[in-house]
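*Asks:* Sequence:
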Amino acid sequence: MKRRLLGMVFVFWTLCSGCTTINRVRKNQTLYFVGAFTNWTFEPMTRDMRNPAKFRMGRFFTWKEGGNFKFGVNPSSWKNMYHPAIADAPYDYRIAIRDSADDHTWRMKEGECGRAYKMVFDTSVWPMRFDMTPFDPLADISMEGDAVEGAARFAQVGDNRYVYTWRGPLKRGRLVLTAKDDSRAFRIEPWKDGLTPDGTMQQIDISETAAEAAPRAWQIETAGLYTIILDQLADYIVIERGGGVQ
1 MKRRLLGMVF VFWTLCSGCT TINRVRKNQT LYFVGAFTNW TFEPMTRDMR
51 NPAKFRMGRF FTWKEGGNFK FGVNPSSWKN MYHPAIADAP YDYRIAIRDS
101 ADDHTWRMKE GECGRAYKMV FDTSVWPMRF DMTPFDPLAD ISMEGDAVEG
151 AARFAQVGDN RYVYTWRGPL KRGRLVLTAK DDSRAFRIEP WKDGLTPDGT
201 MQQIDISETA AEAAPRAWQI ETAGLYTIIL DQLADYIVIE RGGGVQ
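Residue numbers (our numbering): 1 to 246.
In short, the hints are calculated from the structure, not lab data.
Just so you know, these numbers come straight off a predicted model, no measurement behind them.
Treat the hints with care, since some could be wrong.
Subject to a maximum C-alpha distance of 25 Å in a straight line, what follows is the list of computed PhoX-like cross-link-like pairs (lysine-lysine) [stated by the list, open to error]: (1) Lys54 <-> Lys192; (2) Lys79 <-> Lys54; (3) Lys64 <-> Lys109; (4) Lys171 <-> Lys118; (5) Lys118 <-> Lys192; (6) Lys192 <-> Lys180; (7) Lys192 <-> Lys171; (8) Lys118 <-> Lys54; (9) Lys118 <-> Lys180; (10) Lys79 <-> Lys64.
Derived CB-CB ranges, DEER-like [unchecked claim]: (11) Tyr236 <-> Ala151: 23 to 31 Å; (12) Asp103 <-> Asn39: 14 to 22 Å; (13) Thr41 <-> Gly224: 39 to 47 Å; (14) Thr196 <-> Trp40: 34 to 42 Å; (15) Ala85 <-> Thr222: 29 to 37 Å; (16) Ala223 <-> Ile95: 44 to 52 Å; (17) Glu149 <-> Glu65: 24 to 32 Å; (18) Arg94 <-> Asn39: 24 to 32 Å.
Just so you know, even glycine gets a beta-carbon here, dropped at the ideal spot from N, CA and C.
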């Protein structure tokens, strides 16, 4: 009986410790990516608008000696860092833990660099989860909805494979962005349905189309000439009435 009670106390303590860690992360304004690829400076991640306990980053990885990285909560402190649960974890290792005596890091190989990746660090689950996936930009981007007049396709901005733009007239109504590659269809959606563009950067979600799910759309309130700038790697869009592409 005593052994069972001690076991229950241990499980309860473990769960509470996990909850305490999660709550502590949720209170942070942001999370920082730090390692060989940042020359050990702290680069802020973006808080997910749909789930503020998630943090996101898209970046192009150029090989740096060591190839290792981890995450921090304070750019002026090396305390309370977040690591994989094993040493030299591959970039697709998902389990993340708070500060440990071992100070493990994720470690990329040189052959895995030279391309873009998207990272998501989720502190709303226990154990915390880190996802890092290669990202290839979508080139065939178009618009739908009753705000669109005729065919509307985006064009790449210069040599930047991740930034696309469009300029033209929009009517009052809903605006939906779609994209496709050779075999799959995607949606590029605002973080909430009915979001009104205000000329500032707004967070987007890029996901494969689910036929049964209605798309989230922007709501265009005023007809006029618009400029749209879409950054697929940074996950943001600017929809500005008037405006212009530099």
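*Asks:* Of the numbered hints stated earlier in the document, which are not met by this structure?
*Replies:* Structure breaks hints 4, 15 and 17.
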